[in-house]
Amino acid sequence: DAKTTQPPSMDCAEGRAANLPCNHSTISGNEYVYWYRQIHSQGPQYIIHGLKNNETNEMASLIITEDRKSSTLILPHATLRDTAVYYCIVRAYTGFQKLVFGTGTRLLVSP
Amino acid sequence: NAGVTQTPKFQVLKTGQSMTLQCAQDMNHEYMSWYRQDPGMGLRLIHYSVGAGITDQGEVPNGYNVSRSTTEDFPLRLLSAAPSQTSVYFCASSLGRSNTGELFFGEGSRLTVL
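Sequence lines, in order, name chains A and G. When the letters of the first sequence are read in order and numbered with this note's numbering, they come out as residues 833 to 943. When the letters of the second sequence are read in order and numbered with this note's numbering, they come out as residues 2 to 115.
These aren't lab readings, by the way, just hints derived from the structure by calculation.
In silico DMTMM-like links for lysine to aspartate or glutamate, alpha-carbon gap of 20 Å or less:
hint: 1; chain 1: A; residue 1: K930; chain 2: G; residue 2: D39
hint: 2; chain 1: A; residue 1: K930; chain 2: G; residue 2: E103
hint: 3; chain 1: A; residue 1: K884; chain 2: A; residue 2: D899
hint: 4; chain 1: A; residue 1: K930; chain 2: G; residue 2: E31
hint: 5; chain 1: A; residue 1: K884; chain 2: A; residue 2: E898
hint: 6; chain 1: A; residue 1: K884; chain 2: G; residue 2: E103
hint: 7; chain 1: A; residue 1: K930; chain 2: G; residue 2: E60
hint: 8; chain 1: A; residue 1: K901; chain 2: A; residue 2: E863
hint: 9; chain 1: A; residue 1: K901; chain 2: A; residue 2: E887
hint: 10; chain 1: A; residue 1: K930; chain 2: G; residue 2: D57
hint: 11; chain 1: G; residue 1: K10; chain 2: G; residue 2: D27
hint: 12; chain 1: G; residue 1: K10; chain 2: G; residue 2: E73
hint: 13; chain 1: G; residue 1: K10; chain 2: G; residue 2: E108
hint: 14; chain 1: A; residue 1: K835; chain 2: G; residue 2: E60
Have a look at the derived ranges for each label pair, beta carbon to beta carbon:
hint: 15; chain 1: A; residue 1: Q874; chain 2: G; residue 2: T71; range: 20 to 28 Å
hint: 16; chain 1: A; residue 1: L883; chain 2: G; residue 2: L80; range: 35 to 43 Å
hint: 17; chain 1: A; residue 1: H909; chain 2: G; residue 2: G17; range: 49 to 57 Å
For glycine and all other residues, C-beta sits at the position ideal for the given N, C-alpha and C.
The whole structure should be built from the sequences, with the hints applied where relevant.
So this is what it looks like as structure tokens:
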């Protein structure tokens, strides 16, 4: 699985958009980009995933650059409950999901 | 649906003791796995299973055993606990070959080995 690079921490004001970047310059053609988050000490929670097209669901949007070497997770209107560690992971779509979790980005949403 | 249920939530052991962390899922998922998370670090894969009767080692398997006799259950056994196994343990499951990549995690089991 390709490695990812994320900033260790970011701040965001409540109600504003939170844009979390991720670099994955060695991503392979069959690898997807996944985002999970971990609130406090709970189990990680799936957010979104994509291959090369931009994706949106009820939680967030995922923007993947055309060369697929980086991506951005967007939380359009951050709330205090979005304070968490966000993990960007790349993996192939087939077989067991041997996810490699790095240290992620700690997002702090403030009033 | 309960999702992924882990027991116990907290456990304190003495060095050399044995115990089993229980994990059960009610979503009929094929894949199940165990991760450990140490302070300030990401999750590391211990063992995983792609179906009943099939298990394999992950990144950090030493000191742990697993078995998968049913689709629902995937217990993690510590045969002789060591202080280095003090950690938070997460069990996860997913659909399997036809999945979308979404892992469902339990709430975690916090283990302290003295």
